[in-house]
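Top line first, the protein sequences correspond to chains X and Y.
Under numbering that gives the first Met the number 0, the residue at position 236 of the first sequence is numbered 235, and the numbers go up by one with no gaps.
Under numbering that gives the first Met the number 0, the residue at position 188 of the second sequence is numbered 187, and the numbers go up by one with no gaps.
Bear in mind the hints are in silico, worked out from the structure with no lab data behind them.
No experiment lies behind these values; they were computed from the predicted model shown.
Backbone N, C-alpha and C fix where the C-beta goes; we use that ideal spot for every residue, glycine too.
It cannot be assumed that every hint is accurate.
A short list of chain Y residues far from chain X (calculated; beta carbon distances all over 12 Å) [said to hold, decoys possible]: (1) His140; (2) Glu141; (3) Glu142; (4) Arg174; (5) Leu204; (6) His240; (7) Leu241.
Derived coverage of chain Y by chain X (criterion: at least 3 residues anywhere in the stretch with Cβ under 8 Å from a Cβ of chain X; other residues may be distant) [as the list claims (entries may be wrong)]: (8) 81-90; (9) 222-229.
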Amino acid sequence: MDRQAIMEQGLTQPLVAPLLSPAARRRQLREKVIAGFITLMAFTGIAALILIIIFVAKEALALFTEPEARHEASLSKMFLAQDVAPGRPPFRWQPVSKIPKVSMIPLFVGTLKTTVVSMLVAVPLGVFGALFAAEFAPRRLRELLKPVIELLAGIPSVVLGFFALMVMSTVVKEALGFDRPLNAMLAGLGLALAIVPVIFTVSEDALTAVPRSYREASLALGATPWETAWKVVLPAAAPGILAACVLGFGRAIGETMIVLMASGNADVISWSLGDSARSLSATIAAEMGEVVVGSPHYSLLFFIGVQLFIFTFVLNLIASTWTRRVVRKLTGGAS
Amino acid sequence: MTPNTRRAVGLALTSLTGLAAFIIIAMLAIILFNVAEHGAGGVTWTFLSKPPEDGMMGGGIFPAIFGTAALTLLMTVAVMPVGVLTAVYLHEYAPPNSLFARFVRVAVVNLAGVPSIVFGLFGLGFFILFVGQGMDRALGHEEMYWAQPGILWAALTLAVLTLPVVIVSTEEALRAVPMDHRTASLALGATQSQTLGRVVLPGALPGILTGAVLAISRGAGEVAPILFTGAAYFLPDLPTHLNSQFMHLGYHTYVMATQSPDVEATRPLLYSTVLVLLLLTFALNLVAVIIRTRTRRKAAGAH
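Excised from the complex, chain X in its bound form (with noise of 0.2 Å):
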C-alpha cells in the first residue's frame, strides 16, 4: 500500500479517545459534578428574584380575581375619586373601617413628600461630599472620610427612626415652627441619614473613575482646581453621578422603618412638610400584623409590595445603565 492509502485508511476509521486509567476518568467525573452543583448554586440568585415577585404578586391576585375583594378593592377605588358623603375628602386610605376606603393616592403623596425632601437634602450633601473627598481631600482626610461614611451607611435603618423620633422632632418642630412633632420634613430629614452613604459611595466611585489625564490638561490650561473638578470632572462623571441619585431615590421609597416611626402615618393629602404623612412602605409595615390572612385587605398590602417592587426595580435598571455608560465613555469603549 502506499502512503496516500494508509492515511486514507486511517482517516475513514473512528477516531479513538486517549485511553483514561479509571481514576482519571472517576476524577473527570468529579470535576464535572462540582462544576455542575457550582452552576446550580449561581442560579440561586435569579431564582431569587424570580420567586419574590412570584409570591408577592400571587397572593395580591385574589384583587383581580375574586369577586369580594373586587368589590372592595377595585382599580377605580384605588386610584380615582371617590365620593363618600358631601364634604368628607375624595381620597381616604381606611381599610378597616365600615365602609373599607382604600384610595392609594394619599400614600404616593405621603411617599413622594418624605422622598423629595430627603432628597433634597441628602443630594447636596452627598454629591459635594464625594466631589470633596475625590478631588481636595488630602489623601490622609479621604482615607479617613471613607469608613466613617461606611459606618454611617452600618447603622441600621431602625436606629436612624428612633434617633428622628426621640432627638430630631423635638428640634424640627421647634425651629420650623410645626403643629405635629411627627410629620413629612422630620421623616424626609431622617431619610436623608439613611441615603446620604449610598449617594457618596457611589458617586464617589464615578469621580475616582475619571482618569487623570482629564484633570492634568484641564489644569495645564490654566483652570482652578475648582474650575477643573467643576468643568471637567463633574461633568465627565455625570451619568454615574445621577445613578447614584436614582440608586438614593429607590432606597428612599422602600426604606421603611424611619417613616414608619417619625412621619405620623395620617393619611392626609397635603403638601405642607408641616403635616403627616403615611407611605407605602410604612403601611405595610404597620398593617401586615393585624390583617386576616386572605382578606381583600391582606391582598392590597401585598399589591402595594408589588408596586414598590417593581418602582425600585425599574430604577435600579436606570442606574445600572447609566453606571456602565460612564465606565463605557471613560474607557473609551474598551469595555
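The hints should help you fit chain Y onto chain X, whose structure is shown.
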C-alpha cells in the same frame, strides 16, 4: 474675571464641598454621641442578662440579644455557602461572555435594590404560607407547625436579603487572588476543583470573611423583613425550636420607641438597647473595614 477672583471663587466653593463632608461626619458624630451619652449608664450586667420586666418598663434585654444572635447565626449558615459558590461560579467557572453569568449579575444587582419590607412580604408569602404549609401537609402536622412565623423563616428571609452582600465581597476577594497562583496550581496537575479548594479559596478567605461580617451586620440590624416572619413583641423564653418566635434588638427598639405607654419611663432602657445594637453592628463593621483595607493593600502590593 481676574485670576484672583477666579481663585477666590474656587476656594469658596471648594470649602463648601468640605462643609458638606463635614456635615456628614458631624451627623454621625451627633448620633453616636447622643446614644452613648444617654445609653451608657444603663448598660449593666443585669441589663444584658435579664429578660424585660414590668411590661417592658424594667429588666433587661437578654432574650433580644440571644434572639438576634441566633437569628444571624442561622442566616449566616444559610447564606454563606450559596453566596460564596455563586461568586465562585461568576469568577472561576463561568465561560467568558456567558449569558447566564450576565443574568446572574443583573439579578444580584436588582436583588440588592429590593426594599426590605418586600423581603418581609416574600418571607410571609413564600416561606411561611407556601413552604411552611407544604411541609405541614407533607409531614402530617394536624395544627400549624411550620406554617407560622418562626426563627428559621426569618433567618432564611434575611439570608436572601444579604445574598448580594456576600456575592459582591466574595467576588472582590477572588479578584484579589493573583492569576499566577491558579496557573501554577493547574500546571502542577491539580484539577480545577483542587485549585479552587486548596489555592483560590484559602487566598480569598479574608475577603470572604469580610462578606460574612458585613452580611451579619446588615442582617442584625434589619427589622422590616422580620416584622411578620418571626419577631415577637415580648417573649421571656428563649427560642428553642426552629419554628419558635424570638425577640430581636431592632424590633425591641421599634416597639419600645413607638408603643410604650410611658415614653419617659422607658427612655433610659430604650437608649441602652440602641447602644447595644449600635455597638454590635459597629464592631462587626469595623472588623470588616479593617480586614478589607488590609487585603486591598496586600492585593495592591501583589500586582
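Hint compliance check: list the failing hint numbers for this structure, sorted ascending. none
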